[in-house]
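As given, the protein sequences belong to chains A and B, one line each in that order. Residue numbering for the first sequence follows UniProt numbering, beginning at 1 and increasing consecutively. Residue numbering for the second sequence follows UniProt numbering, beginning at 1 and increasing consecutively.
Keep in mind that the hints were calculated from the coordinates and are not lab data. Any given hint could be a false lead.
Unchecked claim - The calculated EDC-like cross-link candidates involving lysine to aspartate or glutamate, where the alpha carbons are at most 20 Å apart (straight line), are:
hint, chain 1, residue 1, chain 2, residue 2
1, A, Lys219, A, Glu101
2, B, Lys65, A, Glu512
3, A, Lys529, B, Glu287
4, A, Lys170, B, Asp327
5, A, Lys529, B, Glu152
6, A, Lys206, A, Asp234
7, A, Lys157, B, Asp327
8, A, Lys157, B, Glu287
9, B, Lys65, A, Glu503
10, B, Lys65, A, Glu509
11, B, Lys65, B, Asp95
12, B, Lys104, A, Glu503
13, A, Lys114, A, Glu135
14, A, Lys446, A, Glu581
15, A, Lys417, A, Glu714
16, A, Lys114, A, Asp175
17, A, Lys721, A, Glu408
As the structure is a prediction and not an experimental result, all values here were calculated from the model.
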Amino acid sequence: MSKHQQQPASFLERLIFNNRPAVILLCLLISVFLFYQASQVRPQTSFEKMIPLGHPYIQKMLEHRNDLANLGNTVRISVEAVEGDIFTKEYMETLRQISDEAFYISGVDRSGLKSLWSPSVRWTEVTEEGFAGGEVIPQTYDGSAESLEELRNNVLKSGQVGRLVANNFKSSIVDIPLLEAYPDPNDQGTLIPLDYQQFSHQLEEKIREKYQAQNPNVKVHIIGFAKKVGDLIDGLIGVALFFAVAIGITFVLLLWFTHCVKSTLAVLVATLIAVGWQLGMLNVLGFGLDPYSMLVPFLVFAIGISHGVQKINGIAMASGDAPDALAAARMAFRQLFIPGLVALLSDAVGFVTLLLIDIGVIRELAIGASVGVAVIILTNLILLPVIISYIGISQKAVKISREEAAREHPFWRFLSKCAHPMVAPISVVVAVVALAGGVWYGQNLKIGDLDQGAPELHPDSRYNLDNDFVIRNYSTSSDVLVIMVKTATEGCSTYPTLSAMDELMWRMENTEGVQSTISMVTVSKQVIKGMNEGNLKWETLSRNQDVLNNSIARADGLYNADCSVAPVLVFLNDHKAETLERTVAVAEAFAKEHNREGLEFVLAAGNAGIEAATNEVIAASETTMLIAVYAAVSIMCLLTFRSLAATLCVILPLVLTSVLGNALMAFMGIGVKVATLPVIALGVGIGVDYGIYIYSRLETYLRQGLSLQDAYYETLKSTGKAVLFTGVCLAIGVATWIFSAIKFQADMGLMLTFMFLWNMIGAIWLLPALARFLINPEKLRAKG
Amino acid sequence: MSEPVMRRTQTGHVARLLTPVFSVHSPLAKALSLCSVLSILAFGAVPVSAQTTSDTANYSIESAKAVHSLLLDVALAGKRLVAVGDRGHILYSDDQGANWTQAKVPTRQLLTAVYFVDAQHGWAVGHDAQILATSDAGETWTQQFSDLEREEGAPFLDVWFKDRNTGFVVGAYGALFTTEDGGQTWEDVSDRLDSEDGYHLNAIVGVEGSGLYAVGELGGMFRSADWGLTWETIQGPYEGSLFGAVATGEPGGLLVYGLRGHLFRSSDFGDTWEQIEIQTPGNGPLEFGLADGNLLANGTIVVVGHGGTVLSSTDKGQTFSLDNRSDRISLAGVTATDNGNLILVGQGGVHLASLSGADLGQQ
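Given these sequences and hints, build the entire structure.
Okay, structure coming up:
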């Protein structure tokens, strides 16, 4: 790199600095266009982008999506009676109002709405004449003690305990199926797609807040995919606030670093322009802002600031020798453009390796981040020096910078001991021990999501508390693996099919981690028992086809329209990777044994099926991605330094950070998942910057004939502060994420903060120690 | 409001071409049926006893969950408890129900009833018209009979043995089968009953000093004073289905029970009946169906059914005390251990209970 520093003005430099008004005008025009585009970016969470579309499970799931239609999108409102049970006049009245209110919310599939008040919720009993039955809440219900007692009996006879009514009779559920798109109330001809955020807000306002205020004895719990997505989008918007916090903190730090308001503002403005352009480009490329790609503006901001700081640092130092701001800016541009470009390109290369992972959100993140880095080249490497060339740097800052360069720095002197011949071996031993410890502890690292409930949100978020409430009080689990049973048309209700399904269910139920299973077989057995006067001795499949056909008539949603696909729902205790692997393996083995012409067991759907597929993709990508990202940054280093030893000095501290990062994840109970996998690539891709900055300086001083320790002192004195500042800047940019309402964003924030800080520590502490062993200053000088 | 929907669904079984033209208890019929026995012995014995299903190789799967899944009947083999149920599960316990071992059983079909004639020899019946036998107190079982052709494998529902050789099996669509050789050969003697419509026979019981009694669908009742050779149809006191019968231990003493808490008592082998009303505390008559009963060693009679119903009588069935278990599960079978605890089976498998029915917790 040092080679470039003394070059005369390049063509690029002349092109830029001879046409400064044109550069500014061009950037202004681009800004107008891209800021307009950026204002059009909308938060979105697309389900399909979060899952590995290439995985066979997902392909099968999408193939049969229409057959499994009604398994999915429902919201369940559980209305809890705080004191006493549900059999009071007041509770039932509130429940009625809530089901009526829910009925009129746009997007609700009104025909399918179910609560104790629905006429479709019935009790049945076997009498001498056959079945008798009626609505659970009879027409004669008037809230009197007698009618409440009748209601209690009807509920017992309805078989809804554990489903619509909690096992402890202290709450009941309003079950609300949703339409993905619903007719516009003003124009019945057009369909409006369901807006999850708006829907979720309506549930809060019209149901939870309204009725908890109206009847203090009820508590409302709401769960379901739509509510979860609504909460996610709310959390996403909350993250935008963090951006303001990050800007505020950065401003203070910048001011402390530059001692100059003008240049602080210049850096901030140039960087915010980069963020705006990146967001605009997202919209131009047709992407929205999802909870993952939300990270990109933060990264762009942090990277932009750190490069801006390098620029300001360079201009301040150059100002001593230059006659005016323009000359100083040109000099700094000449010195820093190429190293900055290399550093940014290596960032981009790190991001691009993320494209190897077959998951939409990660790919979009990779593209978004690469675009962002490219944008920084324009804004912070080109526009920023041009701006500074107009406004200049305050005299005070220049003076301080000059004084800093001259005086002795005890802190840097102390740190330079890292390169000392006695200290270096100790550092290397410590690093090796830490590496070994990290590798050992990192074996506990798990694939996948490890927490109960909705993994996207914090375990103590309201959604997860609601979810926990429903799981505890009803016979249900939120982790469902769906195995699809495929037969010929009209073949799903034959005895061989049903008995094979029955066998699969029993096999699954006997697998550790499985709570229960449900399929049309469950319904069929119950109905056959019912048709035989409730006699338990008949609670099994019949070989009589007419009986079977009758028995599944009420099993809506458990087989498709032409009876060729029937799902088996396997409810799991949790979605830990072992549980998923174990159950999927049992199901695969069963499918292998029993698949034959006309009867096929196909994996998989349900959230557990999707997670199993995602885990497989992640586990397979993890190693590939690590190899790719390290290969990429190694090649970048080799190209830059043309030395294997130098490359090792830069790369080995990164390896230590990656290993310790894994150990930290294991310690914090964070699994390798869609959210944390990119962190490894981002951490390595950005972390390599420090090494490149430090090593290139160190090399320069070594060539000038300084001893390793002295050369390192000079290195620290000139760039140490900038490196330290960069590390802190990057860490602050992402650290605010730790407070995100979205669990995986918090995990990403934590891991990135750790990676950025440790990469910096590794570069400052370990790089010189390694150099002590790997670099021969004599040879360098000879070569130089 | 109440709405009758349907009462029977199985179709195509009602028209019985084999309905005997003669009344079953006529001497001629006896002679004819004897002929038919002979003919079966001569020509049919081999095919009937050799009937096996393609499922023979499918032994029931050993599972820790078997003890908690549907079980339908429980019996004592000496001191050993033996329970049968879903998926060919047969479980036995030698420690009064605390621990259960799963027996080796050559079927995965639902087994509906079990009967032990002594401490070693027992039979179990179930779906696919199956009869299984054991001679080692329930540890291993062999299939004696199965017929998938008979009403598409419709189930046998109860079994009773007089001694090691002579026994009877009743089942769906009026099935009555008998053996004279401990089950080596089984003979279809359904036509000994005058049951034109082929309604299900749900239970068969031996009544002290009187003979055999069978009950079934739509209040159907049949009795045989000569222990199974000839049968007469009894006009019962009830139109609804009867699911079980239990002898009270006195000559001619018998209880039958069925839908919606109906329980009837006879002390003259079914000539006259009196209904025993069961009242629930504060909620009118018991409405839950009653499934099975047993005369315990100490003379107590226990009857169980839906809704966690456990009825017990210490006066030979004249009065009953009622307990509805708080879990309200459906019960299908009952017996007692030496220490006086009840072993209840049904939904959720085995439940240990005190004599009043209160749960003692599972092992």
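Verification of the supplied hints:
no. : hint                 : in the structure
1   : A:Lys219 to A:Glu101 : holds (16 Å)
2   : B:Lys65 to A:Glu512  : holds (11 Å)
3   : A:Lys529 to B:Glu287 : holds (18 Å)
4   : A:Lys170 to B:Asp327 : holds (16 Å)
5   : A:Lys529 to B:Glu152 : holds (17 Å)
6   : A:Lys206 to A:Asp234 : holds (17 Å)
7   : A:Lys157 to B:Asp327 : holds (13 Å)
8   : A:Lys157 to B:Glu287 : holds (11 Å)
9   : B:Lys65 to A:Glu503  : holds (14 Å)
10  : B:Lys65 to A:Glu509  : holds (8 Å)
11  : B:Lys65 to B:Asp95   : holds (19 Å)
12  : B:Lys104 to A:Glu503 : holds (18 Å)
13  : A:Lys114 to A:Glu135 : holds (12 Å)
14  : A:Lys446 to A:Glu581 : holds (12 Å)
15  : A:Lys417 to A:Glu714 : holds (12 Å)
16  : A:Lys114 to A:Asp175 : holds (5 Å)
17  : A:Lys721 to A:Glu408 : holds (14 Å)
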